[in-house]
Amino acid sequence: MARTAHFALHRCALDVSPSGAASLFPSDEVWLGAMVPKRWARRAVTRNAIKRQIYAVSAAPGVVLPRAAHVVRLRAGFDRKAFVSASSDKLKAAVRAELQQLLARAGRPPAPTAASPAPASA
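Residue numbers (our numbering): 2 to 123.
For the record, the hints were derived by calculation from the structure and aren't laboratory data.
Hints are not guaranteed to be accurate.
[Unchecked claim] Below, simulated EDC-like cross-link-like pairs (lysine to aspartate or glutamate); rule was C-alpha separation at most 16 Å, straight line:
#1 K91 / D80
#2 K52 / E99
#3 K93 / D80
#4 K39 / D80
#5 K52 / D90
Work out the full structure, taking the sequences as your base and the hints as a guide.
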């Protein structure tokens, strides 16, 4: 749904199930999960700091996500040479800025694709 250099946001609608049956947990809320694999953040301190940033940024005023289940996934590691400490203020600021960019992209309607031309009027 939306991507940045280090994060990806995935979304699944809550109201429609593939079998057509009623959902098990009907909800009018936004669900949010965070997935930070060891592959991209080796230290638990770093993984927990990134997860805390994900939840804090998504709960900030002004962040509007549609009613659905969302997962924010870390898809690339942060440079260990640039961020020496496992939980530095510099790393937290970089994560926060990128998450704000990701959620801003997710809130925008999708742009029309160039592959599908607009219908011509006669």
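Practice task
If any of the earlier hints don't hold here, list their numbers in rising order.
Solution key: Checked against the structure, no hint fails, so every one of them is satisfied.
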